[in-house]
Amino acid sequence: GAGVSQSPSNKVTEKGKDVELRCDPISGHTALYWYRQSLGQGLEFLIYFQGNSAPDKSGLPSDRFSAERTGGSVSTLTIQRTQQEDSAVYLCASSPRTGGEQFFGPGTRLTVL
Amino acid sequence: AQTVTQSQPEMSVQEAETVTLSCTYDTSENNYYLFWYKQPPSRQMILVIRQEAYKQQNATENRFSVNFQKAAKSFSLKISDSQLGDTAMYFCASTRPRGNYGGSQGNLIFGKGTKLSVKP
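Protein chains in written order, with the numbering used here: chain A, 1 to 113; chain B, 1001 to 1120.
You may find that some hints are simply not true.
[To be verified] Chain B is faced by these chain A residues, among others (derived, beta-carbon under 8 Å):
| # | residue |
| --- | --- |
| 1 | 31 |
| 2 | 91 |
| 3 | 102 |
Keep in mind the hints are simulated off the structure, nothing from the lab.
We treat Cβ as the ideally placed atom computed from N, Cα and C, and that holds for glycine.
Isolated chain A (complex conformation):
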């Protein structure tokens, strides 16, 4: 079956612009996670969705970051007024249950000029 997909694969934007990153999880997976991978910080948890429960936003670095998950499936991570320090690879993962194996997408490489 299809794995986790993310789009776009690469995104170059100018400082101050808003960007939207999309994640399509594996069908039937109820848990969805966003992580950020950067040279300086390694892999950091951003936000977690589980079914219809309120998301765990504890990892979001600032209020410029937000995410939603529509219909318990597709998720969108939005970064407003992008800064150069937002440049990183953004990884999405889904899991059939919380705490179980997470299946990762190929990531979106974001470059803020």
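Keeping the supplied structure of chain A fixed, place chain B upon it in accordance with the hints.
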């Protein structure tokens, strides 16, 4: 808070040889999961092996096995008969199952990674 430490930023091994990657973690939980993920240059994170903390038996997956020492909070990965395709970044990660703990909900906590190069 849980932390994961990988003390070897880079390692290399000859093809067909065996290599061990180190990982230590710190947690106050009694029930948790440990993982090794592989990230080749393609950027795709791939699960290599998983260990449930309540299981004493070390997990194995073909050429990959772990040495899980719960008391020492150590979780090393052994790769036998190394192949060129094993060249990648390897990340050790921990999580804990959902429960009445509050706080994080099963998100992965990663180490900084070990860059493994397999040489022909």
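Each hint tested on the structure:
1. The restraint placing residue 31/A at the interface with chain B holds, with a minimum CB-CB distance near 7 Å, inside the 8 Å limit.
2. With a least beta-carbon distance of about 7 Å to chain B, the hint placing residue 91/A at the interface is held under the 8 Å criterion.
3. Taking 8 Å as the C-beta cut-off, the interface hint given for residue 102/A holds, the closest approach to chain B being about 6 Å.
Figure legend: structure checked against the earlier numbered hints; every hint is met.
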